[in-house]
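Protein sequence lines correspond, in order, to chains F and L.
Residue numbers for the first sequence follow our numbering, beginning at 1 and rising by one.
Residue numbers for the second sequence follow our numbering, beginning at 1 and rising by one.
Please note that the accuracy of each hint is not assured.
[To be verified] Mimicking EDC-like on lysine to aspartate or glutamate, the simulated pairs with C-alpha atoms at most 16 Å apart in a straight line are:
#, chain 1, residue 1, chain 2, residue 2
1, F, LYS204, F, GLU239
2, L, LYS200, F, GLU209
3, L, LYS200, F, ASP188
4, F, LYS204, F, ASP160
5, F, LYS237, F, ASP188
6, L, LYS200, F, ASP92
7, F, LYS124, F, ASP92
8, L, LYS89, L, ASP79
Don't read these hints as lab results, they were simulated from the structure.
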Amino acid sequence: MAEIRIKNLHKEFGVGEDKVVALEDVNLDITGHSFVSIVGPSGCGKSTLLNILTGIETPTSGTVAITSDGHVAAPGYVFQAARLLPWRTVTDNLMFVQEDRSEDTRKRCQRYLEMVQLGDKGTKFPGELSGGMQQRVGIARAFSIEPDVLFMDEPFSHLDAITARALRRELHHMWDETKKMVVFVTHDVGEAVELSNRILVFAKGGRLEDDIQIDLPFPRDPADDEVAVAKAHVLRKFEELDLLAS
Amino acid sequence: MTVTETRPGTAGSQPAPNPGQRLISLPAKIAKSPHLARVLFPIALFAVWELSLIAVEEVWPFAVDVLPTPSEVGGFMWDEFITDTLARKNLYETFFISLRRLLSGFAIAMVLGTALGLAMGLSRATNAFCHDWTMAILAMPALAWALFNSIIFGFDDRGPILTVILAGIPFVIVNVREGVRNTPRELFDMARSFQVPQSKVIRHVLVPSLMPFMFAAARYCFSIGWKGLVIAEVFGGQDGAGWTIKFWYDAHRAHGVVGYAAFFVIFAILFERLVFEPISRRAFRWRPQLQTEVVEEAFGEHHEHYGEEETARHG
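Given the sequences, and given the hints that come with them, work out the whole structure.
See the structure below:
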């Protein structure tokens, strides 16, 4: 079972007068098959936290431990833009992040492509696919390494509303089927409420301000009263914390 | 709130074009076709050539002894083509010699230029040290290199080869350096977050991202190197294409000079079509084909077609 333990995490950029605090004394535990959304206004340190969790950036102070059954956990990452290699085919993009090129690995990649409904697009180049399809490939790539934890940085923010909704459903289905832990960064409260069983609210200056549990059954329809009430509840928290203006 | 649905095709749709309109637009389409324009170009060229000869002859009757006619040039080129020549070496031997020199210089310029461009792109100190030197070599005319090298090396292969290297290498250096500076950082971050080994990142991310810059470098190096080579052969060669055009010049055969110049052009076009284009098509087959059409035809009918196809592709 995957676990993330963050203790006294602090991150600064720049020095002297240019110093900017991106994350301030963050303490956090996430365990098991959870879908955790990190929400907050622009510049609240959401993406910085994700970059530290995935090793792209290092913390100024504090510790981050990501483990699975006592071992270092394998992370997967879905980015805001799909970040596919444009010169490799869809299948080769999945194979690029694999440890080996065996037939079993290739079959596994094909299975995840089928899960995102792109089983017949393996020989296409990313430039031949729409934005939604490219993001699907990004999701399949992240799942294909069978990570213990999946990090997602506003993966649907560049897509139109209909495509984003379809992909949210697919993502939820895959999360449910694979029993992975997902840490999902978004600025869309409705998206967070639809997908997550836990929402972490960050404020400007990188402070973790609130930790909200959403105990509603899945799949959730944004039009349902209970989902709308939960969304209103999170937005009220935003209002209390004076985050809406920013 | 009221929601009103309108089925597509029932309101506000455009009337279908009648078949007559299509027939009328066919000649217009042929007139706009790039193939027709391509065929018309040499015809127009020969017409202008002949007409200007007639016009010049009216003013200066002796011009007919100096200026070559298209038929004279054509006849000369045909004789050369069937190896019936007065020059010491026939067309094929001549171009083989020049091609050997060109490829030697080109290969050395590409290897050295790539290494220097990589170093300059990766290290600010190296870039600061080499930048002015590169600009100086870039500013030097090929003619100066040709003269300088013929003085130093005399009439063997080294002078023309070194001229090709010096004429082409600054373009390779600058292009590769810009390629390194424009490498896609987000793809490197992606590879790092998936813990992809460094050697694999170099092979699958760095090298392919440099390819468009390498291709631009190769094309520049080849064409600039070719021009440099011809000049070097004029001054410091005993054979080769440059030497042969000077041979016809010394023999006061204007049709020979023009005909040989035409061979240079044909050679460069054939090399582009038979070597660079197929390699480029293969190396960049991942690029959406429609992109170039959009650039070329952005204000014409193709723009609309592109939009339709885009919609079809992206569903």
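Verification of the supplied hints:
1. LYS204/F - GLU239/F: Holds, at roughly 14 Å.
2. LYS200/L - GLU209/F: violated, 41 Å
3. LYS200/L - ASP188/F: Distance ~36 Å between LYS200/L and ASP188/F Cα, so the pair is violated.
4. LYS204/F - ASP160/F: violated, 27 Å
5. LYS237/F - ASP188/F: holds, 14 Å
6. LYS200/L - ASP92/F: holds, 13 Å
7. LYS124/F - ASP92/F: holds, 10 Å
8. LYS89/L - ASP79/L: Holds, at roughly 13 Å.
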